[in-house]
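Top line first, the protein sequences correspond to chains W and L.
In this text, residue positions in the first sequence follow my numbering: the first is 1, and each later residue adds one.
In this text, residue positions in the second sequence follow my numbering: the first is 1, and each later residue adds one.
Rather than coming from a laboratory, the hints here were simulated on the basis of the structure.
Treat the hints loosely; a few may be bogus.
What the hints assert, rightly or not - Result set (DSS-like, lysine-lysine): computed pairs, CA atoms no more than 25 Å apart in a straight line:
hint, chain 1, residue 1, chain 2, residue 2
1, W, K95, L, K66
2, L, K78, L, K243
3, L, K66, W, K34
Residue strings, one per chain:
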Amino acid sequence: MAKEIIAILLSALLTENFVMVKFYGICPFLGVSKKTDTAIGMGMAVTFVMGIASLFTYLANTYLLVPFGLEYLQTILFILIIAGLVQLVEMFVKKSIPPLYNALGIYLPLITTNCAVLSSALLNVQNNYNLLYSVLFGVFAGLGFTLAIVLMAGIREYIDEKAIPESFRGFPIALLTAGLMAIGFMGFSGFSI
Amino acid sequence: MTGIILAVSVVGGTGLLFGILLAAASFVFEVDTDERAEKILEALPGANCGACGYAGCSAYAEAIVKDGAPVNCCSVGKAPVAQRLSEIMGVDAGEVVEMVARVACGGDCNSAVYKYEYEGVRECTAEVRLGGGAKECPSGCLGLGSCTRACRFGAISIKNGVAVVDEEKCTACGQCLKICPKGIIHFVPKEFNQWVVCQNPENGKTVNQYCKAGCIGCGICEKNCPFDAIHVEDNYAVIDYSKCRNCGLCAKKCPRHAIYLREK
């Protein structure tokens, strides 16, 4: 079992990184990667939401969709569950754990309907993970996202003060950076455990 | 047919469940908001500049209500806003010292000597990384206007290679102080008319070699000040505004014209 968990960890973090290899969650990846602080906040929020979403979508799939033979409703039901769940969690955190709300608050609603979160739920089903593996996969995939966005934010902070040609400033250089990072992550793709 | 009903009831039921849960949660987890905080937020200028020391206007409003923060911190709204806030909170406004940002460099294109020609990004924060900037003087204004762009009130302009603050527009929000890589912009109480436009810490001979407008630490101002309010420290003159009486003698006597006198 330990071997399986390590395999899930490494694939979610490196070989199958959500942003760099699978191109999920590009929008927050580009939008919130200007500063390292906010990038860490966003990464943590995504990790948190993915973990919770994996848990509840697994339950919904196993005990609601499969017994009734309604697997084709996965996408719409998962979106519903994730969006509702995040709203609930947000209210709970705001009331009970204000420091955590201040750290994650503004990012939580932004990622409720993000494709990275939805795809982590759908991939759990595709890969036939059990409950434990589903939750772990969700959390690890979130960590993979965090890794990518924090690296990106670091590079962008550095680039910002360099004398780059004017036509490359801002978005073009960010996309080029993301492309070069993706090539870097391709280097992991040969490994398999 | 049953398939359709089943699908509708599963998705609809889940939606209904979440709807009820959310409605219930909004009652259970309701966070009390103080209505005074909303009033304060309305009274504040909404510039979100952070000059008060809090993250933004809403954070400051919250700090006033919850932690009893002083009501006279807003340097953008100055006395009128402090007055409004004190009315809302029912406390004394206290005195508001009006501050203004001033640039401590008079080394314009005619006075300063350059060590190389800079052709990089037009941003002081970038230029300073190349050997501290193109000017020979280590504390000279680079004049590329990082502060101009940081100012949300359009109060700073670059005149002849040196940043100049329009004191009518300056709200003392402190954004320029933060961004200036040379650290030569300072807050000065607005009522005082004179300020030293150099803070080069090197000896007079060295300063003289690369800036005609730099303070050489001769001490003439010190000798002429009737109130003991100006002193040469680290080879440049510094005015102690707690003693200054606004006579402007130091500015008139300075042989280098390194003390500016604001025209009244």
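Hint by hint, here is what the structure shows:
1. At most 25 Å may separate the alpha-carbon atoms for a hinted pair to count; K95 (chain W) and K66 (chain L) meet this at roughly 16 Å.
2. Note on K78 (chain L) and K243 (chain L): the hinted pairing holds, with a Cα-Cα distance of about 24 Å set against a maximum of 25 Å.
3. Between K66 (chain L) and K34 (chain W) the CA atoms are separated by roughly 32 Å; this puts the pair beyond 25 Å, and the hint is violated.
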